[in-house]
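Peer 1: Okay, here's what each chain looks like letter by letter:
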Amino acid sequence: MGQNGPLLSLKNVSKEFYGNVVLQDVNFDLHEGEILGLVGENGAGKTTLMRILFGMPVIAETGGFKGSIILDGQETHFSSPFDALDAGIGMVHQEFSLIPGFTTTENIVLNRESMRPSVLNDAFGVRMSILDRTAMKKRAENAISKLGVKLDADMLVSEMPVGHKQFTEIAREISREKSRLLVLDEPTAVLTESEAEVLLQSLRKLAKEGVAIIFISHRLQEVVEVADRIVVLRDGLAVKDVPASGVTIKDIASWMVGRSVSSDASRRDETKKYGEKILSVEGLWVDMPGETVRDVSFEVKQGEIFGIGGLAGQGKLGIPNGIMGLYAAGGSVRLHDKVIELNTPAAALKAGMAFVSEDRRGVGLLLDESLDWNIAFTAMQVHKQYLKPVLGGLFSLRDEGGMISLCKEYISLLDIKCTGPKQKAKELSGGNQQKICLAKAFALKPEVLFVSEPTRGIDVGAKKLVLDTLRKYNKEYGTTIVMVSSELEELRSICDRVAIIDEGRIAGILPPTADVAEFGILMAGIKDSSSAKKRAPAAQEAPNA
Amino acid sequence: MKAISFRNRSFVVRSILVLVYIAVIVIMLMTGKRHTILIDNKDSEDGSILAIDGMSIQIDNQEAWEYYPGDRDKAVVQGQRHKVRVEILADGKIVETAFRVPLNQDMVLLEVPKLLAGVEPYLRPFTVLQEQASAPAVDTPQSIQFGGDAVVPPDGSPDAPPAPVLVQ
Amino acid sequence: MRNLKTFIQEFGWPRIIIFLFLVSLFVLAPFVGVRLDASFSDVLNRFGQYAILVLALVPMIQSGCGLNFGLALGIVAGLLGATISLQLELRGFWGFFGAIAFATPFSVIFGYFYGKLLNKVKGEEMTIAMYVGFSFVMLMCIMWLVLPFNNPTMVWGYAGKGLRTTITVEGYWLKILNEFLAIKIGRFFVFPTGLLLFVGACAFGMWVFLRTRIGTAMTAVGSNPDFARASGVSADKMRTTSVVLSTFLGAVGIIVYQQSFGFIQLYTAPSPMVFPAVAAILIGGASVNKASMINVLVGTFLFQGLLTMTPSVINSILQTDMSEVIRIIVSNGMILYALTRKVKVSK
Amino acid sequence: MSPKKKSAATLFSEYAVVIIFLVITVAAISPSGLSLKYIIQELITRLGRNSFLVIALLLPIYSGMGLNFAMSLGAMAGQIGLIFAVDWSVAGWQGLVFALLIGLPIAVFLGWICGKVMNKAKGREMVTGYILAFFINGIYQFFVLYMMGSVIPMRNASIILSRGYGIRNTLNLESVRQSLDTIFMMKLGGFDVPVVTLIIIALLCVFIVWFKKTKLGQDMRAVGQDMAVAEAAGIPVEKTRIVAIIISTVLACAGQLIFLQNMGNLATYNAHDQTSFFAAAAILVGGASVTHASIPNVFIGVILLHAMFIVSPLAGQNLFGSAMVGEYFRQFIGYGVIALSLVLYAWKSRKAIFNSRSDLRGGAAAKGKDEGGQA
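Residue numbers (this note's numbering), protein chains in the order written: chain A, 1 to 545; chain B, 1001 to 1168; chain C, 2001 to 2347; chain D, 3001 to 3375.
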């Protein structure tokens, strides 16, 4: 194993999904016992890169990838994750893949249990052999010791603290026979500081024993502490590949987000006046799986476009979902100083708030129903519009005519490409579906419009149109818009103020023209290096322009 | 001897198991098959052999019964090989022989007088013609799933039909 | 050719096989000496008997509660209504509509608690619905013995207490709907106009309900619960309403069935009534979360047609009564086919 | 539930079914007027008769497929074997073994079909199993009522219907009656105990315990707990589930033979309808749930359920003046227990998810009121 050639090297790997390029000729090498820190914004291509390395079927299904992966000098093609596992590449995902009812040992050696042949083997096949529990325990314990942590080998995973679960999963990956490369995807996301510290210790210990590690995290100071080399991905390009020594967090942050500020941001007119305070949120917590909001307070003025950014999993999506009552939430939300009852979507809608959900196909649309249905439904349910009373108001029927005219109106207004109001929603393209969701929200004539990831997964042309529609509605009808997006450029081009969420709290609120690196720092949840303990204080609302 | 690779070792074991499986079925059939033996104490057709006046016959180790001329009785036995022990009441002579019942022959006729006289075919297959057992009229089996409207019940019979006995 | 393929894809092979099988039965009938008009009139009659029981399944399917294996609750409510109407010796239309009136409060109460229960146990609803239904039917068996009914035509001869297993509706409201404006053609063919009108009215009522605000909300909850929640619709309230509606229609359905069949069947009779209804709506083309009026009408006609034709035609061809076996295989096969279809949630 | 100490409420909800049953049975003993000796003797025979069938439910529960309501497929296979045994008049315990060996391949085949169908209906295995049981019942009826005697030559005319083909509705199993029980019927303290049957049941329990130690047993438990993780680890999930169902069907086949030899007669077309219902009711009464079951649950369940089934008709007779009330009461309890334990299980699992998220709630502000929002 001593040869000095790289254990793994990627030669101009690139990948595109349905036309938009996700990775552009990424090159980097990785030597034995080296820890490589891989950083980048969401959508920069980190996950896709790992999927290629790990041979996930989704890559082959979407047309495979260009370039080559060289392991130990020969080019390899993994058709399934099991090939990668056999080649000694282990992967630890963010969400645990452990069997709750099994003990640590059973999880570590899952499906690779050591067995003693039993009498029924010949008759009924190898799976009838008896498990050799002592050998299993021994294997588990030496994997745990390799990690250098104390884990009780017989404790049930369901009764384990979160940190132990993470170590169990890592122990499982390194307990494979020839595990040489370990990929960790956001391992410290769910750990407390002390647990993260112990994890980094064990990763260094593993590296000394010759295991190469790819460490993906958005906590930049952890990357700087543990990595030997850092690769920064931005929009599918490996923009930086530098040894870690001497690199500061500020550099990484700016490399991560450092795109030249796109031109159309500059035409924002400064003369925009805002009315008085319309929406104020105090101490909001939202229990949305994967997007937990811990304590958020902010205020939005009438006619303003308020942006909310931040990395995935930090809780920015939780805010609109919580306020609109879709997920369990607490704290106080006031519209025109009138308290909005939480946890009941009907209350938020009746008060004049509307929400375009990030989960377009899951929450936003009735895929099997026609377009007029989709657009008029919420208005019908909330404001009892588009209904015609029958038998003297005894009950009311759907006003099919009214719904069709409403739908036609929005088809022309938002230039939705479709065959007509009666077409099924599932037959439309991503961009047009998003416009239907927007039309559904506009039909409510809301005072405050929450828009979540409006441009995710749609082509560039449609993106521009959606943003223009939002601007037009804000200018002509004065609708206050709260826009949540992981596309920092988009927020900076359309919003009047941008708040960055980290760990379920507001890390800071910046004017769109603020320097990119400042955004990067807030997103990375940088604690100013001096007092590492306290979370970044909720910066006071920076004076705009 | 080259170690038989795992694959064809299990093939060998499996084929043995199949043979054993079939063998057990045959053994069960042989030992478990039930036959009925009709025991006769009648004069032979041509009158050459006369019925014995008073004897006790015991099949295998079942109870011994006394037979008088003109008697016929049956013994239900299991398996193929059986022995019969005849004791003539008059002079206490005991005759014991063993005999085999063919497998697929359900019922055989044992003519004891011929047996005692040593005339060979004392054991004859006996096929009873199955008079149509008066099976109860076929009421379509009432599966609990479709009892509903399949059968129109008689108009409100006065006494309640017993509830379907679900639990034996 | 392409749309034939999509039609087959959409309609599903088993349904086509059943349809062709039924048509062949109708074609074969005259050759085997089975009177076509008599069997057709029988099919129509049974169609009318069962249609509303099948219709009762629509609300719960639409609101995403799945196939209502607990329909027995509605049927029991209907039995209660019918027995009370007989107890008060109401006759003619008064008797029939009195039975429905008495059944309504029971069906609403049963439906309400049954709905609340189903909301608590999302997932495996169908198994739980089935066993709640069965245990409730058994509980009612005890009630039939204990409740103070004393109309002589209903109670046991000797004991004078406890209801008979089958009670005739003769003299009260037997075939009250069937005879209403009935058209007789020749000796055998009777067109039960009243019955079919009533069924038509219920089906139209359901069609209209699905067009109302609540009906639309219910359909939305069925096809995408998150969408409905996001539009301010309380999924649980809609599901409970659909269960109450389904139970009520079950009660009406059993009463319509009894007036045409001629007997009120108590004790364990309701349990086996559920599977034919479920099989019928599935044969009609309904899926586990979408059902329309066409599914109900086509399904009931196909299924009942099958049940009336197989005994007469098959028996005379094969001289054996295979109809029970065919019924079990076809209807359970249909339910199995629907259960094993991946719920095509178009993502 | 992380807190080790279980509050009274959770304890009650866990064993609700067992406690309710205990109360009802004990209350019904005195009004039933049955002597304790009779009840115990009856329990011993029923223990021998039913426990094998209930144990057949264990493996599918381990593999996360819930209660295997399709086990009556195995019962049908056993009955077909028994019909051939009676037809060839193979008597005594040899007749039983003969019937088992004939029924086994049929049970394996039907189990394979059931496994395949259940794999296509993941998430609603129980109701699919229930409907599959009726569907195969239709085919069984076609096979036994129409094919036997016409297409399949039958030797013994006394079991054929008067019309010449099809097996009669009830078969007298006199030739194999009690043949397993009476091999060694021991008189123990005034009760006669079918020792050989109980030994066979004990052997099955040993097999189940041993089986849980094998790799296949471990795979089943993994698949039962979390199918996705098992799949990712490379365990052949579909195949494992099918094997679990095949073993369950085969055990049901053997169990049905033990049941029928004790009963002494075979209701050809209805005997199998109730097998899965009673086995499911028994194991649930024993405190098992849809995802968790153990051998003690089996025996507690059989004793409790059948004790109630013995006393309730007579208790009904004496209390309400008609045995019918007792009869219906015990069926109500039978179905009721399955419904109640399914509801309790589903309600508890939703609550568990709700609780596990509760520590995420509340955030920095004061503990928010627990909202019923989307858990």
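No lab work stands behind these hints: they were computed from the structure. Keep in mind it's a predicted model, so treat the numbers as computed, not measured. There's no promise every hint is true.
Calculated lysine-lysine pairs in the DSS-like style (CA-CA distance at most 30 angstroms, straight line) [unchecked claim]: (1) D:3116 with C:2237; (2) A:146 with A:205; (3) A:165 with D:3348; (4) A:150 with A:165; (5) A:277 with A:205; (6) A:408 with A:338; (7) A:240 with A:277; (8) D:3239 with C:2237; (9) A:350 with A:472; (10) D:3239 with C:2116; (11) D:3122 with C:2005; (12) A:165 with D:3239.
Among the chain A residues that face chain C by a calculated CB cut under 10 angstroms, a handful are [to be verified]: (13) 244; (14) 247; (15) 326.
Beta carbons are placed, not taken as given, at the ideal position from N, Cα and C, and that holds for glycine.
Peer 1: Now look at each hint and say whether the structure bears it out.
Peer 2: The hints, checked one at a time:
1. D:3116 with C:2237: Distance ~37 angstroms between residue 3116 of chain D and residue 2237 of chain C Cα, so the pair is violated.
2. A:146 with A:205: Status holds; Cα separation ~8 angstroms.
3. A:165 with D:3348: holds, 24 angstroms
4. A:150 with A:165: holds, 12 angstroms
5. A:277 with A:205: Violated, because 54 angstroms separates the two Cα atoms, which is more than 30 angstroms.
6. A:408 with A:338: violated, 35 angstroms
7. A:240 with A:277: violated, 44 angstroms
8. D:3239 with C:2237: violated, 41 angstroms
9. A:350 with A:472: Given pair residue 350 of chain A, residue 472 of chain A holds - Cα atoms ~24 angstroms apart, limit 30 angstroms.
10. D:3239 with C:2116: Violated, because 38 angstroms separates the two Cα atoms, which is more than 30 angstroms.
11. D:3122 with C:2005: The given pair, whose Cα atoms are some 28 angstroms apart, holds under the 30 angstroms limit.
12. A:165 with D:3239: holds, 29 angstroms
13. 244: The hint is violated - residue 244 of chain A has no Cβ within 10 angstroms of chain C, the shortest such distance being about 42 angstroms.
14. 247: Status violated, d = 42 angstroms.
15. 326: Result: holds, 6 angstroms to nearest chain C Cβ.
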